[in-house]
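Undergrad: The chain contents come next:
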Amino acid sequence: MDFSIRAATVEDCKDIARMVKELAEYEKCTHLVKTTQKDLEQDGFSKNPSFHGIIAEVPEQHRTKDGHTKIGYSLYFYSYSSWSGRDIYMEDLYVMSEFRGKGIGKALMSKVAQLGLAAGCGQLDFLVLDWNKSSLDFYLNQGCTDVTTDIGYHYMSCKEEALEHLAQP
Amino acid sequence: MNFKIRAATKEDCKEISRMILELAVFEKMPDQVKISHEELERDGFCQNPFFECLVAEVPEEKSKEGFTVVGYAMYYYTYSTWRGRSVFLEDLYVMPEFRGNGIGKGLLSKVAEVGKKKECVRLQLSVLDWNTPARDFYAAQGAQDLTDSEGWHFIRFDNQNLDNLANEAPKD
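Residue numbers (numbering that gives the first Met the number 0), protein chains in the order written: chain U, 0 to 168; chain D, 0 to 171.
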């Protein structure tokens, strides 16, 4: 199938917001989505953006029954390792279910890797849920390492009241 | 013990680099440290820095080798498409002889305070599963272990695997 990958623009935020919800539904976490289309517009397309995005599009003749031609995306930002320097972190990678198995997910992830290398990054990091076997298999087939299983890194998070309490001077 | 926490300056990078190596030795991975103070100076103090850093100083005392900068916290801003802006604590370290004086908690709280001022809704970090004192410390501060409770795993591409992946990107 013919598809193209390009940098996201502010006009894409409506479709990105839609696909963020679809991905959250897949991850059984729809109730956790607090960001809106407007948040994405402000946070991703202001003077100091908090993230960058790429979009996968298909030509009109392959649009979905709801009329969508923007059928996949990846959001990423630059991070840092005190051991190896500049890193790129992939926050989301998603392709609508009817367009999977056609190399679109791989193309999006490869593009993030390419952008990372161009910016001098030495690592591409992201998180995946342990029950998401099809995603884990997909990533492991591309040659990555599960540093939680192999090295023992655990992901920890502090939010809401705990964060408020911690931030007391 | 009298200590002070302040934003790191470019001149602190040699001390930060020293302590990064001390932390890596503790984490049993000193051979993984590839960067020196030069990269820290370039990446942390440019127009769009990749990270920010706080240091802890003990002006009236010195370590047995004569250091007055005895701890640091390195962090950067991240984004959750579900929750918005967050802060990731990359490193938190206090030299062993200065532990137990509230310096680690002071550094962590300051990172949380800085993050809150920038409207961050979460503070995230990673910790090694065998590092029980660190896990207990963070849990006592209210952090949840989302690997244990929700099954999140960190995945990494680096070195040749990263090059291979990038080489397969579609041509523009």
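Derived by calculation from the structure, the hints in this document are not laboratory data. Fair warning: there could be bad hints in the mix.
Said to hold, decoys possible - FRET-style restraints, in silico, Cβ to Cβ:
no., chain 1, residue 1, chain 2, residue 2, range
1, U, 142, D, 128, 17 to 27 Å
2, U, 160, D, 46, 44 to 54 Å
3, U, 119, D, 117, 42 to 52 Å
Stated by the list, open to error - Incomplete in silico selection of chain D near chain U, CB under 7 Å:
no., residue
4, 20
5, 29
6, 30
7, 49
8, 63
9, 80
10, 121
11, 123
12, 127
13, 133
14, 161
15, 165
Backbone N, C-alpha and C define an ideal beta-carbon position, used for all residues, glycine too.
Undergrad: Enumerate the violated hints, using their earlier numbering and listing them in ascending order.
TA: Numbers 2, 3, 4, 5, 6, 8, 13 - these are the hints that the structure violates, sorted from lowest upward.
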